[in-house]
Amino acid sequence: MKKSRKVLSVLLAAAMTVGCLTACGGGSKDEKSADSGKKSDVKIAIVCDSAGQNDNGYNQTAVEGAKKAADELGVEYKVVEPTNGIPAALETLAEDGYNVIFNLEYDFDALIKGVGGSEPIAEMYPDTTFVCVNDNPNVDESGNVIHDNVICALFDVHEASYIAGALGVQVLENKDVLFPAENYKFTDLDKGGRAIGFVGGTNSNGITVFSYGFVEGINKAAEDLGVNYDYYAKYDAGFADPATGSTVAGTYYNQGANLVYAVAGSVGDGVASKAKEDGKLAIHVDADKDDMQPGYILTSVIKNTSVPVFDITKAYVDGKINDIDRLQTFSLASGATDITDLTQIKNALADTDEAQAKWDEIMTYIDDLKAQIADGTIKVTNAQVGEEFDPGTCKNVTIK
Amino acid sequence: MELINNILYDTVYHSTPIILCVIGGMFAYKANVLNIALEGMMLNGAFISTLVMFFTGNLALAVILAILSTLVYGLVFSVMGITYKGNVIVVGLAINLIAPAIAGFVMKMMETANINLTNVNIAKFKINIPLIKDIPIIGAILSGHPPITYLAFIGIAAFAVLMYKTKFGIYVRVVGENEDSAKSLGIKTNFYKYAAVLIGAFCCALAGVNLSVERLGLYTNDMTAGRGFIAIAAIYCGQGKPVLSSLYAILFGVARSLAVNLSIYAGPAAGLFDIIPYIIMVTVLAVVSIVKYKNVKVRGFKNEL
Numbered sequence: 001m002k003k004s005r006k007v008l009s010v011l012l013a014a015a016m017t018v019g020c021l022t023a024c025g026g027g028s029k030d031e032k033s034a035d036s037g038k039k040s041d042v043k044i045a046i047v048c049d050s051a052g053q054n055d056n057g058y059n060q061t062a063v064e065g066a067k068k069a070a071d072e073l074g075v076e077y078k079v080v081e082p083t084n085g086i087p088a089a090l091e092t093l094a095e096d097g098y099n100v101i102f103n104l105e106y107d108f109d110a111l112i113k114g115v116g117g118s119e120p121i122a123e124m125y126p127d128t129t130f131v132c133v134n135d136n137p138n139v140d141e142s143g144n145v146i147h148d149n150v151i152c153a154l155f156d157v158h159e160a161s162y163i164a165g166a167l168g169v170q171v172l173e174n175k176d177v178l179f180p181a182e183n184y185k186f187t188d189l190d191k192g193g194r195a196i197g198f199v200g201g202t203n204s205n206g207i208t209v210f211s212y213g214f215v216e217g218i219n220k221a222a223e224d225l226g227v228n229y230d231y232y233a234k235y236d237a238g239f240a241d242p243a244t245g246s247t248v249a250g251t252y253y254n255q256g257a258n259l260v261y262a263v264a265g266s267v268g269d270g271v272a273s274k275a276k277e278d279g280k281l282a283i284h285v286d287a288d289k290d291d292m293q294p295g296y297i298l299t300s301v302i303k304n305t306s307v308p309v310f311d312i313t314k315a316y317v318d319g320k321i322n323d324i325d326r327l328q329t330f331s332l333a334s335g336a337t338d339i340t341d342l343t344q345i346k347n348a349l350a351d352t353d354e355a356q357a358k359w360d361e362i363m364t365y366i367d368d369l370k371a372q373i374a375d376g377t378i379k380v381t382n383a384q385v386g387e388e389f390d391p392g393t394c395k396n397v398t399i400k
Numbered sequence: 001m002e003l004i005n006n007i008l009y010d011t012v013y014h015s016t017p018i019i020l021c022v023i024g025g026m027f028a029y030k031a032n033v034l035n036i037a038l039e040g041m042m043l044n045g046a047f048i049s050t051l052v053m054f055f056t057g058n059l060a061l062a063v064i065l066a067i068l069s070t071l072v073y074g075l076v077f078s079v080m081g082i083t084y085k086g087n088v089i090v091v092g093l094a095i096n097l098i099a100p101a102i103a104g105f106v107m108k109m110m111e112t113a114n115i116n117l118t119n120v121n122i123a124k125f126k127i128n129i130p131l132i133k134d135i136p137i138i139g140a141i142l143s144g145h146p147p148i149t150y151l152a153f154i155g156i157a158a159f160a161v162l163m164y165k166t167k168f169g170i171y172v173r174v175v176g177e178n179e180d181s182a183k184s185l186g187i188k189t190n191f192y193k194y195a196a197v198l199i200g201a202f203c204c205a206l207a208g209v210n211l212s213v214e215r216l217g218l219y220t221n222d223m224t225a226g227r228g229f230i231a232i233a234a235i236y237c238g239q240g241k242p243v244l245s246s247l248y249a250i251l252f253g254v255a256r257s258l259a260v261n262l263s264i265y266a267g268p269a270a271g272l273f274d275i276i277p278y279i280i281m282v283t284v285l286a287v288v289s290i291v292k293y294k295n296v297k298v299r300g301f302k303n304e305l
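Protein chains in written order, with UniProt numbering: chain D, 1 to 400; chain S, 1 to 305.
So that you can see chain D by itself, here it is in the shape it has in the complex (with noise of 0.2 angstroms):
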């Protein structure tokens, strides 16, 4: 017995050391540099958020963009993955002489406020710049920028969810023409099928500016075909438990919704599941997930961070980094934001000419669409900058 006792205590003790090691040591990964094409001195680093790099989504795509920085503009560029958290990680970054760093966790504070007494880490570190990535936290209350050396990134998600509304009308509408029937179970159109839901994590201006593109966009549809929709949104679905995604999508399609559009995480992936399920539509968000449920996410509202990684870092090699704006938004036109180029959606059309010159026909009104946000035919509202969203002026939505 006493034995046994002291082996298991050496083995634990054992075991905590290692631990204690790998704990240590798991601060950063990747390090490389380009060896060919010019060289630069300029170094970049990427924080991940907690998803991680290979989440591929967010962070995957901030790493290819700073791939592509290093084989065009020679800079060097590391990847971190915090594993003490993120003002350690800017702090040490930015102590080891990077130039640039990206910051893709939602963690400003001591960044830009300083906590626990010390002054801000953009203070300490002023010939770094810091870049915040889908916040805009360095203005002060009268809207003045607080550090010159922290750039804001901001997607126009809601330009994408637009987009995706439109679509997802375009493609209800015609569903008995696009999908063979045996593979789908949507509720007919004149028996309630004219309806979609939406499904958000928490109610801030983060997700609702997504549902009011979103319905914006179903509008605009709907109008141009002169139909009625009917609108479910749920916004405190969080964003932990697919089962609650689940179940909040059945209750949406059991309705006779047959869209569904998740802006939630995890929660999601269960909207996504109960699609496949009920054998109807789901739109994913954050990066491309068709393949998730193939032939049952319609399309997927992307945000890919390697378009701000790039630019900016672009800027900076440049020597440009002082002149553009603090605050840069990325629109649907510059390709940081967009819907997925439907490959996954397209394998499950019905094996027809007409479903493929519907399809042809969509994609044309799509892109009109597109071209329109961008010169600015179409003003999308935007909360995310707190623009007001007013029901009145989709006529052909019913919001419940």
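Hints are computed from structural coordinates only; laboratory data are not their basis.
It is possible that some hints are incorrect.
What the hints assert, rightly or not - Straight-line Cα separation of at most 27 angstroms, BS3-like style, residue types lysine-lysine; simulated pairs:
1. S:Lys-188 - S:Lys-241
2. S:Lys-302 - S:Lys-292
3. D:Lys-185 - S:Lys-124
4. S:Lys-124 - D:Lys-346
5. D:Lys-314 - D:Lys-78
6. D:Lys-185 - D:Lys-175
7. S:Lys-133 - D:Lys-185
8. D:Lys-68 - S:Lys-108
9. D:Lys-370 - D:Lys-395
10. D:Lys-175 - D:Lys-191
11. S:Lys-241 - S:Lys-292
12. D:Lys-43 - D:Lys-78
13. D:Lys-67 - S:Lys-108
14. D:Lys-395 - D:Lys-379
15. S:Lys-241 - S:Lys-183
16. S:Lys-108 - D:Lys-78
17. D:Lys-370 - D:Lys-175
18. D:Lys-175 - D:Lys-400
19. D:Lys-43 - D:Lys-68
20. D:Lys-175 - S:Lys-124
21. D:Lys-400 - D:Lys-379
22. D:Lys-346 - D:Lys-185
23. D:Lys-191 - S:Lys-133
24. S:Lys-188 - S:Lys-85
25. D:Lys-314 - D:Lys-68
26. S:Lys-85 - S:Lys-183
27. D:Lys-185 - S:Lys-126
Chain D is fixed; fit chain S onto it per the hints.
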């Protein structure tokens, strides 16, 4: 009508994993070993079953390996907490932390953010009972669920019998109520504690399989979303009684189901339903303990503040 059917169906849906954790966890509760690792064990069951299903497509193998691996966690918990008298809270917490960490690590190696079973059609798991499925209300409750859901509800009755009508159940309760007397009677107390924890691990594994493979066909990390802790609350409220504790589990199912289904009509306010079970539980726990200690006397005096 459709709405009521949906509410009832979703109630069963959301109750099942909690019921499984409750009926598994109550043996440990009765044996006086608090198993707070229900959450981690359930997550492990969900993860291993999805992982095996992803690579092999063999449902039986997935379920068996999920159960076996979760039993390993149960054994680790027992060895640390029972044989070596470690603090069960700390050990349980460790299991709750390591289960998602391992899953996260494996998914990182697979370079994926979640595991999706594209080879599985979850509609096939559903058992539609002929005739009954067409009866309104009863059909929604009884028909169209995957197998483990039925097992969970049968389990309530089976485990009630096991706890109250068998030697095993009585011994487990004796060990929990007074370990010294149990020892003096020659009962191997540790054996019964081990068994109680392992029953819990077994049920949690099934709960995990139900949640991931059977219902969704996917695994995302932390998908159990606190259900294990809700189960612990339900066990406490029901004082470890199988039927009563399960009723509290169902209460959570009802609340979640209402919150989900009424959101179409009530909008965001439907989320308020989610707090009802917590209010009821806090009230019940408070009232139960007030009633219990109201007339307790210490050396002839009432035990007042």
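Consistency of the hints with the structure:
| no. | hint | verdict |
| --- | --- | --- |
| 1 | S:Lys-188 - S:Lys-241 | holds (23 angstroms) |
| 2 | S:Lys-302 - S:Lys-292 | holds (13 angstroms) |
| 3 | D:Lys-185 - S:Lys-124 | holds (15 angstroms) |
| 4 | S:Lys-124 - D:Lys-346 | holds (26 angstroms) |
| 5 | D:Lys-314 - D:Lys-78 | holds (16 angstroms) |
| 6 | D:Lys-185 - D:Lys-175 | holds (11 angstroms) |
| 7 | S:Lys-133 - D:Lys-185 | holds (19 angstroms) |
| 8 | D:Lys-68 - S:Lys-108 | holds (23 angstroms) |
| 9 | D:Lys-370 - D:Lys-395 | holds (22 angstroms) |
| 10 | D:Lys-175 - D:Lys-191 | holds (14 angstroms) |
| 11 | S:Lys-241 - S:Lys-292 | holds (17 angstroms) |
| 12 | D:Lys-43 - D:Lys-78 | holds (8 angstroms) |
| 13 | D:Lys-67 - S:Lys-108 | holds (20 angstroms) |
| 14 | D:Lys-395 - D:Lys-379 | holds (16 angstroms) |
| 15 | S:Lys-241 - S:Lys-183 | holds (24 angstroms) |
| 16 | S:Lys-108 - D:Lys-78 | holds (18 angstroms) |
| 17 | D:Lys-370 - D:Lys-175 | holds (22 angstroms) |
| 18 | D:Lys-175 - D:Lys-400 | holds (24 angstroms) |
| 19 | D:Lys-43 - D:Lys-68 | holds (13 angstroms) |
| 20 | D:Lys-175 - S:Lys-124 | holds (25 angstroms) |
| 21 | D:Lys-400 - D:Lys-379 | holds (24 angstroms) |
| 22 | D:Lys-346 - D:Lys-185 | holds (18 angstroms) |
| 23 | D:Lys-191 - S:Lys-133 | holds (23 angstroms) |
| 24 | S:Lys-188 - S:Lys-85 | holds (16 angstroms) |
| 25 | D:Lys-314 - D:Lys-68 | holds (10 angstroms) |
| 26 | S:Lys-85 - S:Lys-183 | holds (16 angstroms) |
| 27 | D:Lys-185 - S:Lys-126 | holds (17 angstroms) |
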